[in-house]
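Colleague: These are the residues of each chain, in order.
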Amino acid sequence: MKKSVLKSYQRKRKIINTLIHVGLAVLAIIWILPIAWVILTSFRAEPGSYISTFLPKGYTINNYVRLFTETSMLNFPKIFMNTFIVAICSCIVTVFFVLSVAYCMSRLRFKLRKPYMNFAMIITLFPGFMSTVATYYILKALGLSEGSMILVALVLVYSAGAGTQFFIAKGFFDTIPKAIDEAAYIDGATKWQVFTRLTIPLSKPIIVYTVLTAFMAPWIDFVFARVICRASVEYYTVSLGLFRMLELTMIDAWFTRFAAGAVCVSIPIAILFVFMQRFYAEGMSGAVKG
Amino acid sequence: MKKFFKGNNKEFSTPYTLKNAIIKGDTWTRLSLAVLGAGNIARKQYIKGILYFLLQVVYLFFMITTGLGCLLSLPSLGSVEQGEIWNEAKGVYEYTAGDNSLLILLYGVATIFLLVAFILIWRSNLKSAYKAQVLKEEGKHINSFKEDIKELFNKDLHKLLMTGPFLGIVLITVLPLVFMIAMAFTNYSTINSHLILFDWVGLVNFTKILNFNDNIGRLFYSVLSWTIVWAIFATFTNYIFGTLLAIVINRKDTKFKSFWRFCFILSIAVPQFVTLLVMRSMLQQNGAVNVLLKNLGIIKTALPFFGNATWARVTVIVINMWIGIPYTLIQVTGILQNIPTELYESAKVDGANSITTFFKITMPYMLFVTTPYLITTFTNNINNFNVIYLLSAGDPTPVGATAGKTDLLVTWLYKLTIDRQYYNLGAVIGIMTFVVLAIVSLITYRNTNSYKDEEGFM
Numbered sequence: 009m010k011k012s013v014l015k016s017y018q019r020k021r022k023i024i025n026t027l028i029h030v031g032l033a034v035l036a037i038i039w040i041l042p043i044a045w046v047i048l049t050s051f052r053a054e055p056g057s058y059i060s061t062f063l064p065k066g067y068t069i070n071n072y073v074r075l076f077t078e079t080s081m082l083n084f085p086k087i088f089m090n091t092f093i094v095a096i097c098s099c100i101v102t103v104f105f106v107l108s109v110a111y112c113m114s115r116l117r118f119k120l121r122k123p124y125m126n127f128a129m130i131i132t133l134f135p136g137f138m139s140t141v142a143t144y145y146i147l148k149a150l151g152l153s154e155g156s157m158i159l160v161a162l163v164l165v166y167s168a169g170a171g172t173q174f175f176i177a178k179g180f181f182d183t184i185p186k187a188i189d190e191a192a193y194i195d196g197a198t199k200w201q202v203f204t205r206l207t208i209p210l211s212k213p214i215i216v217y218t219v220l221t222a223f224m225a226p227w228i229d230f231v232f233a234r235v236i237c238r239a240s241v242e243y244y245t246v247s248l249g250l251f252r253m254l255e256l257t258m259i260d261a262w263f264t265r266f267a268a269g270a271v272c273v274s275i276p277i278a279i280l281f282v283f284m285q286r287f288y289a290e291g292m293s294g295a296v297k298g
Numbered sequence: 161m162k163k164f165f166k167g168n169n170k171e172f173s174t175p176y177t178l179k180n181a182i183i184k185g186d187t188w189t190r191l192s193l194a195v196l197g198a199g200n201i202a203r204k205q206y207i208k209g210i211l212y213f214l215l216q217v218v219y220l221f222f223m224i225t226t227g228l229g230c231l232l233s234l235p236s237l238g239s240v241e242q243g244e245i246w247n248e249a250k251g252v253y254e255y256t257a258g259d260n261s262l263l264i265l266l267y268g269v270a271t272i273f274l275l276v277a278f279i280l281i282w283r284s285n286l287k288s289a290y291k292a293q294v295l296k297e298e299g300k301h302i303n304s305f306k307e308d309i310k311e312l313f314n315k316d317l318h319k320l321l322m323t324g325p326f327l328g329i330v331l332i333t334v335l336p337l338v339f340m341i342a343m344a345f346t347n348y349s350t351i352n353s354h355l356i357l358f359d360w361v362g363l364v365n366f367t368k369i370l371n372f373n374d375n376i377g378r379l380f381y382s383v384l385s386w387t388i389v390w391a392i393f394a395t396f397t398n399y400i401f402g403t404l405l406a407i408v409i410n411r412k413d414t415k416f417k418s419f420w421r422f423c424f425i426l427s428i429a430v431p432q433f434v435t436l437l438v439m440r441s442m443l444q445q446n447g448a449v450n451v452l453l454k455n456l457g458i459i460k461t462a463l464p465f466f467g468n469a470t471w472a473r474v475t476v477i478v479i480n481m482w483i484g485i486p487y488t489l490i491q492v493t494g495i496l497q498n499i500p501t502e503l504y505e506s507a508k509v510d511g512a513n514s515i516t517t518f519f520k521i522t523m524p525y526m527l528f529v530t531t532p533y534l535i536t537t538f539t540n541n542i543n544n545f546n547v548i549y550l551l552s553a554g555d556p557t558p559v560g561a562t563a564g565k566t567d568l569l570v571t572w573l574y575k576l577t578i579d580r581q582y583y584n585l586g587a588v589i590g591i592m593t594f595v596v597l598a599i600v601s602l603i604t605y606r607n608t609n610s611y612k613d614e615e616g617f618m
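In the order they appear, the protein sequences are chains R and D.
Start counting the first sequence at 9; every next residue gets the next number (this note's numbering).
Start counting the second sequence at 161; every next residue gets the next number (this note's numbering).
Keep in mind the hints are simulated off the structure, nothing from the lab.
Ideal Cβ positions, reconstructed from N, Cα and C, are used throughout, including at glycine.
One or more of the hints may lead you astray.
Pair by pair, the computed Cβ-Cβ distance ranges are [unchecked claim]:
#1 THR323(D) / ILE47(R): 53 to 61 Å
#2 ILE279(D) / THR79(R): 36 to 44 Å
#3 ASN25(R) / PRO556(D): 39 to 47 Å
#4 ILE275(R) / GLY251(D): 54 to 62 Å
#5 GLY136(R) / ILE603(D): 52 to 60 Å
Work out the full structure: start from the sequences and follow the hints.
Modeller: This is the structure we're talking about:
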């Protein structure tokens, strides 16, 4: 009697487990399918944006070759390098700004601390690109809207406002025990030394997380780049370049190359992301675990 | 409101205030009222004093040469139209420079910012002069410039670290924002061609947008209600299904946990605009999805993913789930793994089944921890430009309307300013979006524990 109850329980569990795994597999396919479709399209031999079959009929590597060699209409290698340079520069500035502000908010006590936090909260409530047009005119007045200065302008746009995005890093710093700081002060350390030699080395996960998000921003952003680059195609970033390939006049000739470009952009970011994702999780769960 | 900005200042009170400097200051300190740095130079803080003085000279020079003119033309925003003169000798029209209201407004706002900055410098100069005076009277040590610099790395570290980020925010965020808000009170738009010369019009734009009987007003209310519906659906579908998925993957009996997670997280790693543009082309009339369904014989005619208002709205919400669930998965997985296992074990001893433990332990714990996350997701969704603009572009758009059926306030704002050049209306929409967000987040955010009990961690 008892044995059969156990058996039916085990069978029930087996059925549930199988169902769950099948369900997960179906969902996983739904999530992978569009990505797989882009990769297939990037190797598709037939040109054009729409084809009558789901899978390509022939495969070729030509799309990639043409993307990087035919640069008269749209110089993809240059665009790729632009984005890379902007990403590195804005990443450095952003990380410096975010860590500085987060440390001040978390560890230092001064009169304008609370007001600043409220101020930052209010600022972030405005739609980010509401002011893009105004930002463009300011950058123009500063002489940053022509030629290669556009890249400087992009770096500024992506990084200069970073001081409002300190909340996650501040939350992380809050979890580092204050006793560590106090011990260092007793040993005669200055606040600067505590910040650079104690807090920063203990904050690897959140630094990596900040680096990751800051580095990815220029690859992902579309709105700011569009307003600032305007018609200067040679200073486009990848998102603008890829969007341009889908314009009505270009889409037929460029669609497979768009897919190839999308793959080229996604691979480095995907590698970075998967590699750094564990820092994201660690950063969320705090610094020194009890 | 006052408390909101001032915070608790008692612990930072100092005797070196502006009031004391004026009342109790000696001749040198009072001279600093007019000549910056005088007080500091008198107390042998030469470098500091000279720096203050140089700042004053530069500022006055700027005000006399350009600043004053900018301020004076701000009320009228310029009136000289661009002229066209026929040049007989060359046989061409020559253009005489007219006023450009936009630049006048921008320079005016910037000058006001510089004025505020100068007043702050003037204040700090007075305080510093008074402090030096008091220290000298008490026979205490007055810091040399070198020592001041040293202090920046210790006691005044916040000044060193905050200056750069704060200037960045003022230049790239606050200044443009004030400039844009000012536009909401002008008639700067292509309507009646006010693109070069425009005037202050007061609250006209606001009454227009809030008026039910106006075309724009009606559109505003319909876009606003869709924005809120969208934000609620987008937030909660992602949250509920993401959490369910995380729980299912985290079950003890689920095999290949990290493989499943990898499959879902892969979609985050691909830049959002790429996936969105791909989805967009897959969902077109002749796109891959329709082709696939037709080939399989499931449908005869193409599905109108972006052709019909209801279809389009459901489509963007469903696609947003595809985009958003992996994010929830990441967030929630960490939290689930942090739930103390003792809770589950003791519940098991008490004979609770998995459904009871879910509702009595998992759910309350999750809700407690993730409330701030939910709020940020909600506000992000109100501002979710990418998903709407790159996916449906607001379509379907009725003929002649400025906003489509799936447009959010932010995408409408973008279309109004960038595509249509109705800058004033765009600015009003931006302010309205801010109001909606401010109401939502002020109520909820200020009630969360992480804000109230900030020191709780330490």
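Colleague: With reference to the structure, classify each hint as holding or not holding.
Modeller: Outcome of the hint check:
1. THR323(D) / ILE47(R): 53 to 61 Å: violated, 47 Å
2. ILE279(D) / THR79(R): 36 to 44 Å: violated, 53 Å
3. ASN25(R) / PRO556(D): 39 to 47 Å: holds, 44 Å
4. ILE275(R) / GLY251(D): 54 to 62 Å: Check passed, 59 Å falls within 54 to 62 Å.
5. GLY136(R) / ILE603(D): 52 to 60 Å: Hint violated: Cβ distance 22 Å, outside 52 to 60 Å.
Consistency note: the structure conflicts with the earlier hints numbered 1, 2 and 5.
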